[in-house]
Amino acid sequence: MNDATESSVGRADRERFRFVRGIVGRVASSGLIDSSRRAFALAFVALLFLTLHLGAVQVLAQPVREIQINEQTIMSWIFNNRQSTDRVREELEEIIQTRIDLIVAACDLTPEQRAKLELAGAGDIHRFFNEYESLRRTIRIGNVSMEEYQEINQKVQPVRQKYSAGLHSRESLFAKAVPYVLDATQQSQYAEFERGRRKRQYESMVRGTVALIENEVPLTRDQREKFLKLILAEEAPLRVDVVSYYHVYMVLYRISKIPEEQLKPIFLENEWKVMKPLINRGQAYRQVLIREGLLVE
Amino acid sequence: MRYNFLLFILFFTLVMLPPTMSLTMANDETRVESVERPPLERKIEGTDLVEREPLERKLDADKADWNLFARAIERMIGPAAPARERVRPGALLGNADPRLQQYLPALNRVLTIEIHFLRKVADPEPEQLEKIRTAGSAELLVMAGELSRNEHGAFQNKENGARGQLVDVLLKSAGDVLPQDKYERYRAEVRQRDASRIRGACEWMTMHIDHNLSFSVEDYGKVTQILIEQAKPSWSSNLQTFMYRDYCPLPDVSDLEPVLNERQKKIWSGKSRTNSRISFGWPQNIGLDQLGGGVQLEELDDYSQEAADE
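Line order of the protein sequences matches chains A and B. The first sequence begins at 49 in the numbering used here and counts up by one. The second sequence begins at 62 in the numbering used here and counts up by one.
These are computed hints drawn from the structure, not numbers from a lab. Every value quoted in this text rests on a predicted model; they were computed, and no experiment measured them. Beta carbons are placed, not taken as given, at the ideal position from N, Cα and C, and that holds for glycine. The reader is advised that the hints may include incorrect statements.
Stated by the list, open to error - Which bits of chain B does chain A cover? Going by a derived footprint, with three or more residues having C-beta under 8 Å, they are:
1. 177 to 186
2. 260 to 266
3. 277 to 288
4. 298 to 305
5. 320 to 331
Could you build all of it, start to finish, from the sequences and the hints given here?
And the structure:
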């Protein structure tokens, strides 16, 4: 290996050459291999080194994986495989109308009141699409690297979650407008109506969660009825409108608030040993539930 | 001299080992992809004489009934040769193929939970319990075999899932060994629990639908009732699926026709629904580790008082 060749490779390679040369020199001078086999040994080592070197070059030369992004891809990510924003907009308007229909079922609305609520709902849709358009402008169309894709994915998630969660949450213009649009009597009727809905939605959460708990602690009909009655005797939480898989932990959290002297007698001794830490997991999720908007304290 | 020789060996190992290892790994991967693993049955069949003889010698003649095992084993490998001795479940599980061993602790946990339920409800006599437990243990081998062949896809074609498969065996065995009244009590409680699971799944489905369609309390109840009437047994096999809007199986507009108004029908027909099944992992598929409180259920010594209270 002459100097010219050696200078053409990187610093790391030079170090590696020196290391290999040193080892080969030691082996050669040790007398372990006689002179007749020395040439063969050197050739063998050189061949090994070349193989490793070529392997490394091959790894580095592998093409970087790229992902193609276009307008349809972004739309599909955010709107659950929808292909047209017009259709999404139309659907969101229909959803607002069903919310208004629900208020009408609780208390009659004048045409003016209905118009005001429609306007508030339209404001939410407009605000959401502004957010979507702003996001879309920040995303580069074309082939992107894996790292860039990860960054885009992080940017997309909040908007996607907002669409999935629905635009009529408690923070929406629509929800904020309701108390201002309805008079005192209507508000009281609507509040009562919503309380009934919350109670029913909470029952769904509870029945599903108890069925899930029964994977670990199967209950008899009698135990189940007592357990459900105890949980459902509590006032439904305020935020059952947020549909999230955390609602299971929400129910566990609520169960953890029931005094132990009421809960424990429902279960056998060995069952309570399993139930206690299970229920305590609800407590452990308190901060997560607050962050996810499921728990208001 | 010796130092130099050791240095050479060290060098040779350092240079040769990494490429040799990567070559071996690459070959293994290729082999896994291209060649299907030999099914367990073939292995057992192929080693019939060698494997069965030492196993049978270990069996305790007084404790269990060979026929219960034979039924399970026949389901795995076809009709077995006539049994000459009786078997004990622990011995069979302990001698199970190493590929099955990894699944047996979790499956045993499911069996413990189900036996606890049976004892709580029906309080069988010790010898009756032993026979039912033996049948359950044998079924665990069948289930472990299914998992070893297709870890994530196992039980997907079973209408009531992995746990339902085990409970069916326990029910059948209970029918054979328990007095009629105890068996009927157990069967009724199993049915109640299944109904509760289906109800739970349907309640969660309604919750997802309501999120878009905003039902009155009355309509909410009607939708849940429709779903319960149309429920498939597979809905109760993995409740975790129903926690997520994206994976939850949801009904078509036509299913909810009697309750929805025109606006709701329009919204619902435009919503995307999934028909594919998702696997959260095999422990979840057998109904474990979904909430994970960290403490496992252990059987009580005596259930007589609890069963008497029922």
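**Request:** Check each numbered hint from earlier against the structure, then list the numbers of those it violates in ascending order.
**Result:** none
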